[in-house]
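S.K.: Sequence:
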Amino acid sequence: MNTVVKNQPPQLHKIGPVIGGQKTAVLLMNLGGPDTVQAVEPFLFNLFRDPDIFKLPFSFVTQRLFAWLISSRRAPKVIPQYEEIGGGSPILKLTQAQADAVADLLKNRGFDVPVHVAMRYWHPLTEDVTLKLYQEGYTHLVVLPLYPHYSCTTTGSSLNELRRVLKKASGSQAVKLSVIPSFWDNPKYLQGFANTIAAGLAAGQWSCPLDEVTILFSAHSLPRKFVKKNNDPYPEQIEACAKALMQHYFPKNNWELGYQSKVGNLVWIGPQTDGLLHYFAATNTDNILMVPISFVSDHLETLFEIDLEYIPLAHELGLNHCHRAPALNNEPMFIEALADLIIEQLSQAAVPHLQVSQMAL
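Last residue of the sequence shown: 361 (the working numbering), numbering continuous.
No lab work stands behind these hints, which were simulated from the structure alone.
Any given hint could turn out to be false.
Cross-link-like lysine to aspartate or glutamate pairs, in silico, EDC-like; alpha carbons within 20 Å at most [stated by the list, open to error]:
{"#": "1", "residue 1": "K107", "residue 2": "D340"}
{"#": "2", "residue 1": "K77", "residue 2": "D112"}
{"#": "3", "residue 1": "K262", "residue 2": "D286"}
{"#": "4", "residue 1": "K167", "residue 2": "E83"}
{"#": "5", "residue 1": "K167", "residue 2": "D128"}
{"#": "6", "residue 1": "K132", "residue 2": "D100"}
{"#": "7", "residue 1": "K14", "residue 2": "E83"}
{"#": "8", "residue 1": "K14", "residue 2": "D100"}
{"#": "9", "residue 1": "K14", "residue 2": "E344"}
{"#": "10", "residue 1": "K243", "residue 2": "D185"}
{"#": "11", "residue 1": "K229", "residue 2": "D50"}
{"#": "12", "residue 1": "K93", "residue 2": "E83"}
{"#": "13", "residue 1": "K228", "residue 2": "D211"}
{"#": "14", "residue 1": "K77", "residue 2": "D35"}
Derived Cβ-Cβ restraints for the label pairs, each shown as a range [said to hold, decoys possible]:
{"#": "15", "residue 1": "E83", "residue 2": "A198", "range": "28 to 36 Å"}
{"#": "16", "residue 1": "L308", "residue 2": "G171", "range": "14 to 22 Å"}
{"#": "17", "residue 1": "E136", "residue 2": "Y249", "range": "27 to 35 Å"}
{"#": "18", "residue 1": "P114", "residue 2": "H315", "range": "25 to 33 Å"}
{"#": "19", "residue 1": "P326", "residue 2": "K243", "range": "27 to 35 Å"}
{"#": "20", "residue 1": "A198", "residue 2": "G171", "range": "29 to 37 Å"}
{"#": "21", "residue 1": "R164", "residue 2": "H315", "range": "42 to 50 Å"}
{"#": "22", "residue 1": "H278", "residue 2": "G137", "range": "18 to 26 Å"}
{"#": "23", "residue 1": "G264", "residue 2": "N231", "range": "48 to 56 Å"}
None of these values were measured; they are calculated from a predicted model.
Cβ atoms here follow ideal geometry from the backbone N, Cα and C, with glycine treated the same way.
Turn these sequences into a full structure, and let the hints guide you.
M.R.: Here you go:
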């Protein structure tokens, strides 16, 4: 009797970089971050001049003036935060490590395609990377924004910038894009995420059994009016992701979902993470594992905001058993999830007449 082995990738022999008649590359997109304290202000300038987030009803010059005013005012407040975490963001180094791991896994599965990193607000910028690929003759890009949950402010902005650059560069000659807009419900992503939570539980010092530790998810917040105006699915996807993780992997633990990184006086989606810490202190709820749910790697929001602000705040409030789960970074199952998502797109390009269900990953 033949044994059927399930969930194995198709056995393909070195496909790429020309797939389905098109020269193909993979593009991993992320926000980016200043790699030095000198880069903080120009990074903020690029952020605040993004027309997909801060769209002003006036001219291009007005948009740049607005970005200059806000970034010059905020930089002195933000620079000390980056100094506290080593003088810059590690996001490029960590994202490049993810790209290298994904590229190795693709090659092991028969797909010899390059994997590039493009950042929205700091180097390597989307414009520079995309133009280089276009000049090198790539006509098909598999695009994977490293935001598990779709938002107009992250995935939407990154894709809009990519399309603007390609339209300007190619004119009438189209470059095919195979876009993976979100992956919060991918089973291997959820498994990898659960692995980081389990690692945090195992490493923490607790005064209770592990299944009695409260899981506190913390996601990057958004202005409420922006979410409403754009019908942004981000909050719903964040909540659905947290529920799926808890129901499938940690059904006995209590959990809460909070939001962080609020800036300015607008009403942002909540509850705020620091507010939940005050609530836990008021209700004598100790033993808390903080889990960064909307981030796939360490950067300012984990290394400074959670590690150097929220956890010390918890201790000040008498919550003596409060720790953070590690970020995904290069968690093996997470890397497999990214590779599977990319292989699905590459397989369709290589053998377009086959259904996805036949190309079981």
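S.K.: Now tell me if each hint is right for this structure.
M.R.: So, going through the hints one by one against the coordinates:
1. K107 x D340: Answer holds: K107 to D340 is near 12 Å, not above 20 Å.
2. K77 x D112: violated, 45 Å
3. K262 x D286: violated, 25 Å
4. K167 x E83: It is violated: about 39 Å lies between the C-alpha atoms, which goes past 20 Å.
5. K167 x D128: The given pair, whose Cα atoms are some 14 Å apart, holds under the 20 Å limit.
6. K132 x D100: holds, 19 Å
7. K14 x E83: violated, 45 Å
8. K14 x D100: Holds, because 17 Å separates the two Cα atoms, which is no more than 20 Å.
9. K14 x E344: Holds, at about 15 Å.
10. K243 x D185: Status holds; Cα separation ~11 Å.
11. K229 x D50: With Cα atoms ~17 Å apart, K229 and D50 stay inside 20 Å; holds.
12. K93 x E83: holds, 17 Å
13. K228 x D211: Not OK: K228 and D211 at ~36 Å, beyond 20 Å, violated.
14. K77 x D35: holds, 17 Å
15. E83 x A198: 28 to 36 Å: holds, 33 Å
16. L308 x G171: 14 to 22 Å: violated, 48 Å
17. E136 x Y249: 27 to 35 Å: violated, 43 Å
18. P114 x H315: 25 to 33 Å: violated, 46 Å
19. P326 x K243: 27 to 35 Å: violated, 22 Å
20. A198 x G171: 29 to 37 Å: violated, 51 Å
21. R164 x H315: 42 to 50 Å: Holds, at about 46 Å.
22. H278 x G137: 18 to 26 Å: 57 Å Cβ-Cβ, so the 18 to 26 Å window is violated.
23. G264 x N231: 48 to 56 Å: violated, 22 Å
The earlier numbered hints that this structure contradicts are 2, 3, 4, 7, 13, 16, 17, 18, 19, 20, 22, 23.
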